[in-house]
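Engineer: Given next are the chains, with one letter for each unit.
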Amino acid sequence: MESGDEINIGSDNEVNDYYGEDANNTDCNYDSLIKEEDSMDSDSDSPVAKRPRLEGPPDRNYTVLKQSDIRERQENTIAEVATVLSVSKAVATILLRHYNWSAVKVHEAWFSDEDRVRKNLGLLPIIEFPLDSTEVKCGICFDLFPTRDEIVSAACGHPYCVECFRGYIRTSINDGPGCLMLRCPDVSCSAVVDRDMVNSLVSEEEKQKYSTYLYRSYVEENKKIKWCPGPGCEHAIEFDDNQGWDVTCACDFSFCWNCVEDAHRPVDCETVANWMAKNDDESETKTWILAQTKPCPKCAKPIEKNEGCMHMTCHSPCRYQFCWICLGDWHNHINCNGYKEDKRKEVEEAKRHVQKYNHYYERWAAHNLSRLKAVSDLGRVQTEQIEQLSEIHGKTQIELGFIAEAWQQIVECRRVLKWTYAYGYYLPEAEDAKKQLFEFLQGEAEAGLERLHGYAEKEVRQFLNADERSVNFEGFELKLKSLTGVTKNYFEKLVRALENGLSEVQEAGKSYMEEHWYCDRCTFANSWENVTCEMCHMHQ
Amino acid sequence: MSGGIARGRLAEERKAWRKNHPHGFVAKPETLTDGTVNLMVWHCTIPGKAGGLCLMLDCGNIGRIGNGAAGNSRWQTDWEGGYFPLTLHFSEDYPSKPPKCKFPPNFFHPNVYPSGTVCLSILNEDSGWRPAITVKQILVGIQDLLDQPNPSDPAQTEGYHLFIQDAAEYKKRVRQQAKQYPPIV
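Protein chains in written order, with full-length UniProt numbering: chain A, 1 to 540; chain B, 1 to 185.
If you're looking for bench data, these hints aren't it; they were derived computationally from the structure. Among these hints, one or two may not hold up.
[Unchecked claim] Here are the simulated PhoX-like cross-link-like pairs (lysine-lysine), alpha carbons at most 25 Å apart as the crow flies:
(1) B:K136 x A:K137
(2) B:K136 x A:K209
(3) A:K278 x A:K356
(4) A:K119 x A:K89
(5) B:K49 x B:K28
(6) A:K137 x B:K28
(7) B:K15 x A:K207
(8) A:K226 x A:K209
(9) B:K15 x B:K136
(10) A:K395 x A:K434
(11) B:K28 x B:K97
(12) A:K137 x B:K97
(13) B:K15 x A:K137
(14) B:K100 x B:K172
(15) B:K102 x A:K137
[To be verified] Which stretches of chain B does chain A cover? Using the computed rule of at least three CB atoms under 8 Å from a CB of chain A, they are:
(16) 10 to 23
(17) 173 to 184
Predicted, not measured: the structure shown is a model, and the values here were computed from it. Note that beta-carbon positions come from the ideal geometry of N, C-alpha and C, so glycine has one too.
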């Protein structure tokens, strides 16, 4: 199946990379290649669900990995390293974990200085503990053991009784993923306690826990793979460096691979982080309260004043009377004029900020809600509407795919529009030309989307309620398809323009400013060649 | 988790200590009013270091070995002459988990919490602790820590700030504290 292929494209690349790095070892890799082929077969009966992506480059630069894919890759990589380095799988696992699960890096480090790697990771040569003493003392319980049968050790040979060592491993497993790097219980000893040793000592349940930590480490310590943050989703996404961070998981959740927020093209991760932080705290509200209210000089309750005279009377039970401007007691008040302008300006400024933020936030939130609604509508379209329409109008469900496509486009456009409001909020106010162009583009985009959304939502009803095939259905199909196409094109252009920071404006604006001088009297833009103004003949 | 071995191990620790322990150190399980011995709490004394070569434990301390080593095998530390009381509290999880080691409250040292609890990597159950660490190793480790604080892991404001900003005042305070804990005759 399609998706099965994709997964193997990923792993094939890895193998190819590896061959490129180290061509001498081809014979060792023979069986890993065969395994890759096997995996292709086994994959075909468990395909990864895939939806066409509407935004961004048509060739995907990422791969969705299911649990089984992750396990399989992990095992293949471990097997590969174990074969090439002739070490046990447990040792290969330790090496891979240290080098972020990159077989290439393990090979590089190992073949350039094996001793150093062994020393760093505590992969010591096995030392037999001297046997001449008849009794061995466990380093944990300090009990004496007459035979070596009850004594276990890591490669270093430090002797511990089976019970104590088991307890040591258990405690570590129950403490969390740190158990994956367990060392000998002796303080100055770096000898590693590997998976084989863990498995030989602990119960099934603990083995299971250990193996879960190991499984997770494959994703969490891998620089190229991240878990899908979608609710309840257990897939992971492998990213190949390429343009655009937005990815869509098989669970339909779209997110930015870089910052793991919701997908946010065309806005960059930093802006998103700022925007989300802004939404989280009420900093704007606080600024507003500070700017807009004053504490009563007696009871300190914040008081807002929006009109009327300066004679204030605080609420019961305080009833304190004071001048709003100087906060002095009203009874002795004569006047307090002068120096009010500064304060007023501050208030105006803070008010303006809040209004601006509210404007953008409202729209950001509205598109977000609308998008969520569209997502659920899309679900309904796919499960109910298409089936219904297919019965009434005698079309196959594949032929009716254009309706779902329209809805997918709506979902995507709502997402883009939502983020354009964060973009707009952070657009520097001084860059007026940019702002104008941005608002024009955004306005057009919004209008276009509303047209498509309205059409998809309302127009379809007459065909759903029809008793028999309608001649108008062809027209509906044609129009919806073309609306989808037009909107898609427009949004792609919008995204590109915003991602380039509306660079056309900057260049045009700059060059125009540079090539002209503005007349002081009539403001006409004259070319530098003119010494006097072309309009009013004023000197430059 | 290695349930139930705490007392057995502590009894063995006690035996080993009586056979042989470093000079000047005291380590004794608590004796309750009814005369019984509580192995889970040990009262110890750590002598301030007399100078000489430092034993380095793997705890990230910045050594000051260089200062006195030039041609001079023994130098005075500011802690010398003090005999500092330390209590070890063992849990039932010992030796899977480390004991809690406490000086008197408000003990002056960058790596001692205001409660008196010692902050040392080998005593941290999440990182440095290993079940094979003995009471002797703990006490020697803490003795080393006294004279070689670890500025990257401060546990109290006063000791840390003086150590970083005002070496003379820090020295003074340490010497004062050493006088506060004279040898028990």
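Engineer: Look at each hint and say if it fits the structure.
Structural biologist: Results of checking the hints against the structure:
no.	hint	in the structure
1	B:K136 x A:K137	holds, 17 Å
2	B:K136 x A:K209	violated, 35 Å
3	A:K278 x A:K356	holds, 13 Å
4	A:K119 x A:K89	holds, 18 Å
5	B:K49 x B:K28	holds, 20 Å
6	A:K137 x B:K28	holds, 23 Å
7	B:K15 x A:K207	violated, 37 Å
8	A:K226 x A:K209	holds, 21 Å
9	B:K15 x B:K136	holds, 12 Å
10	A:K395 x A:K434	violated, 47 Å
11	B:K28 x B:K97	holds, 20 Å
12	A:K137 x B:K97	holds, 20 Å
13	B:K15 x A:K137	holds, 14 Å
14	B:K100 x B:K172	violated, 28 Å
15	B:K102 x A:K137	violated, 30 Å
16	10 to 23	holds (count 3)
17	173 to 184	violated (count 0)
The earlier numbered hints that this structure contradicts are 2, 7, 10, 14, 15, 17.
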